[in-house]
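Colleague: Now for the letters of each chain:
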Amino acid sequence: MKFFRTLPLAVALATLALAAVAFAGRGITVKGSDTMVILGQRWAEQYMNQNRGQIVQVTGGGSGTGIAALINGTTDICQSSRPMKQDEKLKLRDRYQTMGVEIPVAKDGLSVFVHETNPVKDLSLAQLKQIYTGAVTNWKQVGGKDATIVLYGRENSSGTYGFFKDHVLDGRDFAASCQTLPGTAAVVNAVSRDPNGVGYGGAAYTKGVRDCPVRKDAKSPAIMPTAATVRDGSYPLSRDLYFYLRKPAQGDVKKFIDWVLSPAGQKLAVEVGYYPLK
Amino acid sequence: MPKSRRIAWCAAALCLSTLAAPARAQDDATPAAADTAVVTHEQLLRVLEGYTEQIQSLTNDLDKLKKIKFSGYVQARLEHGEANADTVKVSGSPYTATTANLNRFFIRRARLKLTYDTGALSQAVVYFDGGSDRTVRLLEAYVTLLDPWTAMHDHQLTIGQQNVPFGYEIERSSGTRELPERSRAENVLFSGERDRGVKLVSQWTPQLQTTVGLFNGGGVNHPDFPNSDPTLGKDFVGRARWSQGTFDVAGSYYFGRNLVPLTGADVVTEKSRAGLDAQAYWTLPTLGGGTLRGEWYLAHEANPDSAKALIVAPTTANPVRLLKTGANAAHLATDAAGGYLMWVQNVGDRTQGVVRWDAWDPNVDADHDQYSRWSVGANWFWDGFTRLTIAYDAIRTETKAGTRWTDPQDNLWTLQVQHKF
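Chains as they are written, first to last, in the UniProt record's numbering: chain A, 1 to 278; chain B, 1 to 421.
None of these hints come from the bench; they were simulated from the model.
Calculated cross-link-like contacts (lysine-lysine; reagent style PhoX-like; alpha-carbon spacing at most 25 Å):
no.	chain 1	residue 1	chain 2	residue 2
1	B	Lys420	A	Lys85
2	B	Lys69	A	Lys91
3	B	Lys67	A	Lys91
4	A	Lys85	B	Lys66
5	B	Lys420	A	Lys89
In this text the structure is predicted, and so the values were computed from the model without any measurement.
For reference, chain A alone in the conformation it holds in the complex (with noise of 0.2 Å):
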């Protein structure tokens, strides 16, 4: 009977000793924003580069997937492009009894691609609003050619997805027309291929369309996103990308994160195509 009543805490016990040797020394895992993989790819490599024997491992899948790993423990940081949900925040609160912690690492202008021959000269973000809630269907109608708008979109999972419908569609829904793409490249090469297209994403993707300058609204001046107009915040569409944890860093984690947030880490942060927080 002793046997039985000790035995549980035998088994415990070591699945304990066996699981802590098992996970000992698995470097920094980073996970989530595909709008951010490059930039925190970049970061992992000039920071291994330049601190020998540390491992950072980075990949993408979107902003929701990222935080969804973060709570179910799979990576060590999370990037995203969006700040937390709050159903999120209490999925982590459920698991980890925190809230999480948030640390801006870098600032993004969330561009409006157009194709580069497409004569609409500015959008205003109600005009946006009507165009991706499919109340607007046609160029004419925003200053343009006559012919159907081609919407391109982002996967729900995507943090930038989440961005544009709360700050642009004010949380309401896409227009069921708006083909949805797994990254920003993609966005940019179907806009790139189309005439008639419109799609959004990160500033540092725009190569082979044009950025669509936006204004606030019909009385504000048409802003295009540049390190300026991000940096103070007047491009309408401006935006922190973030890293989320658990806890508060320590250790490795803190060391790398504090380095990301260094000048060395902000200005490839610029290289890349985003903006440094100062």
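Knowing the structure of chain A, use the given hints to seat chain B on it.
Modeller: Chain B alone, transformed into the frame defined by chain A:
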């Protein structure tokens, strides 16, 4: 011609020749000249457009499939109960005692939830359990309608079989809870946690949420379930929760009726419950998050012990069920109270310790019917989906042995592995 363009043309030619291969196989007489033909820009575009259409079609199908979400968890358990206490089945009221094995392997919960996001304004859930009784039973089935008037769908109406929205512990998934079972008071007052009805959840501000609902009242573990509500009237439940993030507090109220069946006219007694719950959270630099949770219930309920004392039990010779002479039917229901206080502390990302004290008194005016329990447990998270739990329940109850009241030896070890998907 730039190198990249040459590579693109070669790739296109290879692509076309691959597509043409099956046709050649069927017609040996086809000249081999097609292999060397120059591919025009238009031909290449047609091929790419064909692929684009196929990908679009696949994407559309995939988008439909993504609306279907399966989730669930399995809890496999080894329990060791003390002598005379194979019995410590902590759900149900009164719990049934089966003696024999002191040690047993069993599946406590095996749950599968299917969620379908039909559209932007509605959602359906069907949730099954194939746990300890070896039968698959419907746990939940409901439709939620989201209001179209607010951007974040702040008001949501749910109709069907669902958790009763009372307090904190009831709606917290067993797959998330830090100890194997809920508190005793909750198990008795809301046995099975679920009922059929309707609820309206409204998020007025980021902090303030209210819930009101109407339910049949019997709950899924009632002997009459799933027949219609035996008391005819519907039970009301309401709750207001203030959530600050690191401190949440809520008050809940429930009002309905119990029906005590008798020969002739049945007796309907009041069923009311008031609850207060609060949770505080903190983060320690090295250990991680911790929480202190408490919940207290006050209730007026039909009491099985009162029924035994006040009702003449039917026999073969006299198969009637009547109140004893002089008995007051109002005394079939008694004031009850119960609750718990619980401390959870993470130790790093993979380990968690937990201590809980819970108590239940089915009749605050009587002695020797109280139940209290100290529970101590540890969770270790194997990976993001699997955890091991070890827990020890030290239970205090009183039973009469001769003329003395004693605490039976019914403490319990639980070792559980859970996989959540």
